[in-house]
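K.L.:
Residue-level listing of the chains:
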Amino acid sequence: SQWGEENLQALSIQEGEDVTMNCSYKTYTTVVQWYRQKSGKGPALIILIRSNEREKRSGRLRATLDTSSQSSSLSITGTLATDTAVYFCATPTSSGQKLVFGQGTILKVYL
Amino acid sequence: DMKVTQMPRYLIKRMGENVLLECGQDMSHETMYWYRQDPGLGLQLIYISYDVDSNSEGDIPKGYRVSRKKREHFSLILDSAKTNQTSVYFCASSLTGGSSYEQYFGPGTRLTVL
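Sequences listed follow chains E and V, in order. According to our numbering, the first sequence is numbered sequentially starting from 1. According to our numbering, the second sequence is numbered sequentially starting from 112.
Do not rely on the hints blindly, as some may be mistaken.
Said to hold, decoys possible - DSS-like mimics (lysine-lysine), calculated; alpha carbons at most 25 Å apart, straight line:
#, chain 1, residue 1, chain 2, residue 2
1, E, Lys41, V, Lys114
2, V, Lys124, V, Lys193
3, E, Lys41, E, Lys108
4, V, Lys114, V, Lys180
5, E, Lys108, E, Lys56
6, V, Lys114, E, Lys38
7, V, Lys180, E, Lys38
8, E, Lys38, E, Lys56
9, E, Lys26, E, Lys56
Unchecked claim - From the structure, some residues in chain V lie toward chain E, with a derived Cβ separation under 10 Å:
#, residue
10, Tyr146
11, Gly153
12, Ile159
13, Val163
14, Gly169
15, Cys202
16, Ala203
17, Gly209
18, Ser210
19, Ser211
20, Gln214
Don't read these hints as lab results, they were simulated from the structure. All C-beta atoms in this analysis are idealised placements derived from N, C-alpha and C, irrespective of residue type, glycine included.
Build out the structure end to end from the sequences listed, making use of the hints.
P.N.:
Structural data, given as structure tokens:
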């Protein structure tokens, strides 16, 4: 597997709290993507970070990439109930035509 | 409007019946994918299509076949469906050669094989 051996993780937090999810990968990559999948929907890209970036921000989202430890994180600040979803990290294979997805983190944000 | 559509959204079939899942995209993407998603197993790649009539097996192709006769349309076929093919199926498309490697997903088809 291109990704580490993390099992599917589940987090349950209260609205307004901050949360961080982590992924580690095994092989070199130029891009780490983070997808969000809400219940009953397909995954959708929410943030992408390249290997020449250590940090990328988009609204309440912050992604980091540490190429030395081959790990990436996604942080959400001031969570909302609408952030409830499964979050996947993904990296392209060397050909760039496939993505390898991590197992995902189930995030539940309650009021 | 960039969109991937899937039909039907829900389907119930009996074991041994044939199943046709259809996917369309309006972005003129060359590459399209079929995944299945089971609880706790993430997304598993079934087939990838690089363009019309240019298809390749993914990680779990057994029991499935695909057809792509038009760039905007990609079908997944289950000949003689089995109960272990009960799952949620997602179609996706991406721009070949793009530097972001972003995949655009459809809303999924929930298939139940009884």
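K.L.:
Now look at each hint and say whether the structure bears it out.
P.N.:
Structure-based check of all given hints:
1. E:Lys41 with V:Lys114: holds (13 Å)
2. V:Lys124 with V:Lys193: Holds. V:Lys124 to V:Lys193 sits at ~9 Å (cutoff 25 Å).
3. E:Lys41 with E:Lys108: holds (16 Å)
4. V:Lys114 with V:Lys180: holds (19 Å)
5. E:Lys108 with E:Lys56: holds (23 Å)
6. V:Lys114 with E:Lys38: Measuring from Cα to Cα gives roughly 17 Å; hence the hint holds.
7. V:Lys180 with E:Lys38: violated (31 Å)
8. E:Lys38 with E:Lys56: holds (22 Å)
9. E:Lys26 with E:Lys56: holds (21 Å)
10. Tyr146: holds (9 Å)
11. Gly153: holds (5 Å)
12. Ile159: holds (6 Å)
13. Val163: violated (16 Å)
14. Gly169: Status holds, d = 8 Å.
15. Cys202: Cβ of V:Cys202 sits 8 Å from chain E, so the hint holds.
16. Ala203: holds (7 Å)
17. Gly209: It holds, given that the least Cβ distance between V:Gly209 and chain E is near 8 Å, below 10 Å.
18. Ser210: holds (8 Å)
19. Ser211: This hint holds: V:Ser211 lies near chain E, its Cβ roughly 6 Å from the closest one there, short of 10 Å.
20. Gln214: holds (6 Å)
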